[in-house]
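If you follow the hints, you should be able to join the two separate chains into one complex; please do so.
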Amino acid sequence: MAQRTLSSERRRAAWLLLSPMLVVLVAVAVWPLARTFYFSLTNATLVDMSEYRFVGLSNYLAYEGGRWYGVLSDPQWLAALRNTMIFVVVSVSLETILGILIALLLNAKFPGRGLMRAAMLVPWAIPTVVSAKMWSWMLNDQFGVINDMLMRLGLIGTPMAWLADPSLSMVSVIMVDVWKTTPFVALLVLAALQMVPKDCYEAAAVDGIGSAKVFFCVTLPLIAPALAVAVIFRLLDAMRMFDLVYVMTGATDATMTLSVFAQRELVDFQDVGYGSAASTLLFFIIALLTSLYVMTMRVGTSGSSR
Amino acid sequence: MRLIVARIGLAVACTALAAFLLFPLYYAVVTSLKSGSDLFRVSYWPRDVELTSYLRIWSEQNFALNILNSIIVAVCVVLISLALSVTAAFALSRVNFAGRKTLLFAILAISMFPQVAVLSGLFEVIRMLGLYNNLGSLVLSYMIFTLPFTVWVLTTFMRDLPVELEEAAIMDNLGPFAIIRHIFLPLMAPAMAATGLLAFIAAWNEFLFALTFTLSNEQRTVPVAIALITGASEYELPWGNIMAASVIVTVPLIVLVLVFQRRMVAGLTAGAVKG
Chain A
1 MAQRTLSSER
11 RRAAWLLLSP
21 MLVVLVAVAV
31 WPLARTFYFS
41 LTNATLVDMS
51 EYRFVGLSNY
61 LAYEGGRWYG
71 VLSDPQWLAA
81 LRNTMIFVVV
91 SVSLETILGI
101 LIALLLNAKF
111 PGRGLMRAAM
121 LVPWAIPTVV
131 SAKMWSWMLN
141 DQFGVINDML
151 MRLGLIGTPM
161 AWLADPSLSM
171 VSVIMVDVWK
181 TTPFVALLVL
191 AALQMVPKDC
201 YEAAAVDGIG
211 SAKVFFCVTL
221 PLIAPALAVA
231 VIFRLLDAMR
241 MFDLVYVMTG
251 ATDATMTLSV
261 FAQRELVDFQ
271 DVGYGSAAST
281 LLFFIIALLT
291 SLYVMTMRVG
301 TSGSSR
Chain B
1 MRLIVARIGL
11 AVACTALAAF
21 LLFPLYYAVV
31 TSLKSGSDLF
41 RVSYWPRDVE
51 LTSYLRIWSE
61 QNFALNILNS
71 IIVAVCVVLI
81 SLALSVTAAF
91 ALSRVNFAGR
101 KTLLFAILAI
111 SMFPQVAVLS
121 GLFEVIRMLG
131 LYNNLGSLVL
141 SYMIFTLPFT
151 VWVLTTFMRD
161 LPVELEEAAI
171 MDNLGPFAII
181 RHIFLPLMAP
191 AMAATGLLAF
201 IAAWNEFLFA
211 LTFTLSNEQR
221 TVPVAIALIT
231 GASEYELPWG
241 NIMAASVIVT
251 VPLIVLVLVF
261 QRRMVAGLTA
271 GAVKG
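If you're matching them up, the sequences are chains A and B in order.
Residue numbering for the first sequence follows my numbering, beginning at 1 and increasing consecutively.
Residue numbering for the second sequence follows my numbering, beginning at 1 and increasing consecutively.
Just chain B, with the same shape it has in the complex (with noise of 0.2 angstroms):
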């Protein structure tokens, strides 16, 4: 008896956790289905389904643009920050060097940094390469976060490498170059896939950066072009379009991390667990 109440109790809390969780993306997926006046009436099911506001994004704010900028700014950030810190990661983890523990603390204080206190440092940077209202800007930008998380989990996972790869390849003479690629790489393929990815969401995410150091809605990337999607007036907002552009650079994003999710709680725990 007791059992079955203690599995009521269960379901229940588990039923209203999840609709919490999932209840405002899919209010966002039943506003974006309606057009006109419907959007003013409040209603818990799609009845009348209309596309209107997803036909109408492309042509009014060019979403289109504004997703394609977000892709490259966010591949560009992972592929640049995976190179760098692969390389780091080696030097961090299997050399032992004067000052290693010193800059892997001093790595680790960056990743805490708020953004704002280097905005404007930062621009001025920006400024002087000319790369004010160009995504090179954010790409630059965003490796402030993506670098220091990079770098960390790539040296946590190489750590736990055994040290008997190495020995042979140093035996035949490999330089650190080579052992990286034909060692290294191959068995850390998932732990960089992992990372990448979270890397990913970071740049496709980040808002301040973009907002500050784009001007144009040429260079915008989506979460800037959303914040500024505007009506007529301040009390005239599309939110037809608003929660349409919300769903469309959503639902992708939740595809890929429910595929990757067990790669991607790993990673996103492993410096917690073992840190």
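Extracted from the complex, chain A is given alone in its bound form (with noise of 0.2 angstroms):
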């Protein structure tokens, strides 16, 4: 009886400590979401968002005089949607693949090992509009060193427009994302790297298996499921992507993303309905694609252990 009533005292107790908590969690996060949601069936601007008129769906589309109109139809949504489908591939298929690379070379036992590590940080450290600025000024078409660089040795004739030529923008914005975000896989691989038992590699060894074998084999499936967990962050964060695009190249159709264009209809269109349509529809393809992954991930995991 007395066990009974403390542990439903506990419980009370639990939930008043959670509350300040939950509160500001619903105040930040829930209740705006909400209101994105709510905000993207209106024609609500920016100048007055208490003066609005429930527009139905003729913000994501909406038939019209012989003319589809709204995000879903928007060229440059459109155009976006591919930049961030593209960036997200490549650049998180490249830091997964270079990550687990440095990983390896880092789990080697040599001198100077600790001053890699240390060095590995400092990408991750600088803030990512410091990077953006550092890497704009590097790829420089007429000062930049980068220029500077590959003419010295002979690989381009001419300078190249890295920023401004919307061949190489994408290329350009990948290159500066690799750099800044692979020590972050590579940190956490190396972290899995370093948690699989010797005794796996020596009976490989013993057994006369290749070093590729062993890798794909023996390491790889162990240090799976904290790969996984990067990966996963790296998408996260791939999707919504923001600050590296807008500072390094702004709204061009050559690198705009999903977050970059709803970010630009809200605040510098002014335009809170058309806008929170595109926000949506950002959280409902980040929300969609995550749990297909999880799911094959799931399905995966619980295939290999049996």
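No wet-lab data here; the hints were simulated from the structure.
Idealized CB from N, CA, C, for every residue including glycine.
Please note: incorrect hints may appear among the correct ones.
[Stated by the list, open to error] Here are some chain A residues pointing at chain B (derived, C-beta under 10 angstroms):
hint : residue
1    : PRO20
2    : TRP31
3    : ILE102
4    : VAL130
5    : PHE143
6    : THR296
7    : VAL299
Written out as structure tokens, the structure reads:
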């Protein structure tokens, strides 16, 4: 009896302890998200957000006078969707592969390993806006050091417009993202690598198995869970990417991401209805892709453990 | 022989990697020490050290105020999110109540929100509270990414502490606040330092909310100030000033990260390896 009252008292205390945190999260996340969904069905503007009319789904898609309107038919939004998908797939794949390679390199014992690991933290610690500025300067078409290096090495004959040329600007943005976040993936993979028991490798060595085979048959399955977590962190960040593109190339068609598009409609063009529709779509795209990813990962890991 | 070749290969790979990782920061330092037309001649090491850019950013940009703003915002964000999450983590890790798993999952889901998804709703909330163009708007809005993270990490950490710790305290009839203060806080200090530092960095670096919710240069934080440094025209960006400002805000951060290296990496990887 005393036990029961004690634990119910504890439960009541638990909700009391949770409530401040929950109130804040509702105020800054749950409620604003619900309001964004709601605003996407209105014609609200940033000038006066209390004055609006309900317009149904026309911010998303509407057919009027022989033409399609709405975010889903907006060529700039479609370009942003394509850019975001290219950015996500290319940058996350590169970061994963390079991250694994760097982690394997740093897992070897050699003098100066601690220094290398410290160097890895540097790009990660530099604020994104600052990295974007540093690289914008290095990639400057007239005075940039990258063009200078490549010309000295004879790899290019004339300076390249890394940020202005639409065929190169996405490459530049991806390169900077890879520079900045590969160390993060590498550190997570390295932590997992160090938890792989040594006897796994010893057994493989006794059996005379080649190192590539050891990696794919022993190491990779053992680090797979940590790798899956690192990849999902990266996927989420890449899908909502904003600052790098905003600072490096602005809202150009060649690099604009879904976040940049939504923020521009909402803040620069003051169109809360249209911007909220774009934000809502981004939210559901991310939710959908994340659940798909989690489901395939779950199927994958439960399949291999049997 | 093969060993020597492998050693050399390793050394070459490491040097190349270190150069790739560190060169942008090095080049920013080199650029920040140049002035005038020297800026537009590529050089790979500093020749005449000029501190003009470092002196200019204080007078031309009011950069000291931007730094102060960033510090105020980041410190408030860290203190508030740690205070809120330590009590929440106690409830989530040490008390068995219905809906605990659902709640943890919901908190994790919030950390996956894209920031623009809450932008218009948050705009309304901030205007309603009268916080537009005020640092308070940033402290409030940054909770959306720091709170889920600190709650999650501290919950994982607390869950691993032995049950016996509390039993004695419960026998002595201590309430939950006393238990948290006298028993958990001392044990949690390292974990709180690590998560606090990561939350500080996240708040220090944030750009989208800071760009949207502040208007005047007096309220801007460092990332927005750096992003918006402009010259006479788009083609005359004062690169010396930009690089000097970049170096000033980056160096303390790097020192901090390197000093707390072990703890930070542990904090970063805790969720990933255990989860």
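Going down the list of hints, with the structure as the test:
no. : hint   : verdict
1   : PRO20  : 5 angstroms, holds
2   : TRP31  : 6 angstroms, holds
3   : ILE102 : 7 angstroms, holds
4   : VAL130 : 4 angstroms, holds
5   : PHE143 : 5 angstroms, holds
6   : THR296 : 17 angstroms, violated
7   : VAL299 : 18 angstroms, violated
In summary, the structure is inconsistent with hints 6, 7 from the numbered list given earlier, while agreeing with the others.
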